[in-house]
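Based on these hints, arrange chain Y on the given structure of chain A.
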Amino acid sequence: MVTTLLIIHGLSAVALLGALTHQTLSVWSPAGKRTGSFLNAARSVSSTSYTNAIIVLFLITATLGAIIYPAYRLGIRVVLQDYHLSVPEGSFELKEHFVSIGAGLLPAYWYFWRRPLAPGTARTRAVLTIVLAFIVWWAFLVGHVLNNIRGFGS
Amino acid sequence: MKLMRVLPLFSVAFAMIYVVAVEHNLAVFTYHPQLQQFALGVERPKAGPAMYWYGWLLTSAIGATAMSIIALVVPERWTGRIWSGFTWLIPTGVMFAFVYLLKGYFLR
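Those protein sequences? They're chains A and Y, same order as listed.
The first sequence finishes on residue 225 if you use my numbering, and the numbering steps up by one all the way, no holes.
The second sequence finishes on residue 111 if you use my numbering, and the numbering steps up by one all the way, no holes.
I should point out that these hints are in silico values taken from the structure, not numbers from a laboratory.
Glycine included, C-beta positions come from ideal geometry on N, C-alpha and C.
There's no promise every hint is true.
[To be verified] Where chain A lies over chain Y, by a calculated footprint (3+ residues, C-beta under 8 Å):
(1) 10 to 19
(2) 23 to 37
(3) 76 to 84
(4) 89 to 102
Here chain Y stands alone, though its shape is the one from the complex:
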C-alpha cells in the first residue's frame, strides 16, 4: 500500500527531529508535575521541575508525520532506491549522539 511505504521514513525522521527537539528544547508543550499543569510551548519551571519529554515526543511525531506526508508525493521508483539500512543506521547514530551529549553524567 502507498501509505505503508513511508513508515520507514517516519522512523528515521522521528529520530532526527527528536534529537534536535531535545538539544534546542523544542517542546510543543510543558508539563509541571508538581502543579499537575500543562502549558503550551516551552515554559520555565514554576514550582518544582518542568517536564519537556512529552512535548519533545509530540514535536517529533508531528514533524515526522509532516515529512511522511511530503514523501508520499515522491514517486515510489525514487524512494524504492533508498537503502533500507538507513532505517536502523540513523536512529542508532542518534542514540550514539545522546551518549555523547550526556557523557557528563558518566565522567564526573
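Chain A extracted, bound-state conformation:
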C-alpha cells in the first residue's frame, strides 16, 4: 500500500514539477518570438492557465506525502540515524518545513495569479512562483535521493 502511494506521490510530483517549471520559465524568461527551439517552447506557455493545476497538484502531492510520512519516520529515518547520514536526514527535515510553508503560500499564490491579474503585482507574482518552484524542486530531489538511499520497497 505504501509503495503504491509512494509511486503516485512521485508521479504527481513530476506533474507538479513540470507545471511549475513551465510557469516559472514563462514568468522569469518569457519567450520573445517563436523560434521553434525546445527552450523557447517551454517558456512560451500561457502562465495563468497553470495556476489552478499547480494548486491542485501541490495539494495532492503533499497529502500523499503526509499519508506515507509515518512509514518514513518508522522505517527510513531510523536507518539514516544508525548510519549517521545527517545530511540526508537534515535535508528531509528541511523538506518537511519547506513544503509546509509552500502549502501556506498557496492562498497568496492563488490571490496574485487570479484573473484579471492585478496591476502592480507582477514582481510579487513572479517571486511567489519561483519560491514555490524552489520548494517543489527541493522536495522532489530530496525525496528521490532518500528513496535511493533506503532502496525502493525495502
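Same frame as chain A, now just chain Y:
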C-alpha cells in the same frame, strides 16, 4: 471580494506561526505512528517516535485563520497600502530561519 483580500495575510501569518509552533513545539495534536494513535496536545514518545508535524500544521492553520478573520475588520484602505512583497519576503525569511535552525545536520 472582501474575503479574498486576506489571503496574502493568511500565507504570511501561516509561515510566522509555523516557525514558532515548531520551535516551541506547539502542536494541536500528536501522532504516534507505531501505535497508530492520535492524542490531543503535545505528548512524549510512547512506543517509537512521536510525530508533531501534523499538529504544527493545524496550529498554524488555526492561527492564520484567526488572524485573517481579525484582519477582515481592518478597513481595506489601510491594508491596501501594505507592500505586497511581504507575501514572499516573510515566508522566504522563515525558510532561511529553518536552514539556520537545522544547520547542525549539515555541520556535523
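Status of the hints after comparison with the structure:
Evaluation of the coverage hint for the region 10 to 19 of chain Y: fulfilled, as 7 residues show C-beta separations to chain A shorter than 8 Å, against a requirement of three. Counting residues of the region 23 to 37 of chain Y whose CB lies closer than 8 Å to any CB of chain A gives 4, which reaches the minimum of 3, so the coverage claim holds. A count of 0 residues in the region 76 to 84 of chain Y with a Cβ less than 8 Å from any Cβ of chain A is obtained; the coverage claim is therefore unmet, three being the minimum. Remark: the region 89 to 102 of chain Y is confirmed as covered by chain A, as 8 of its residues place a Cβ nearer than 8 Å to a Cβ of that chain, reaching the required three.
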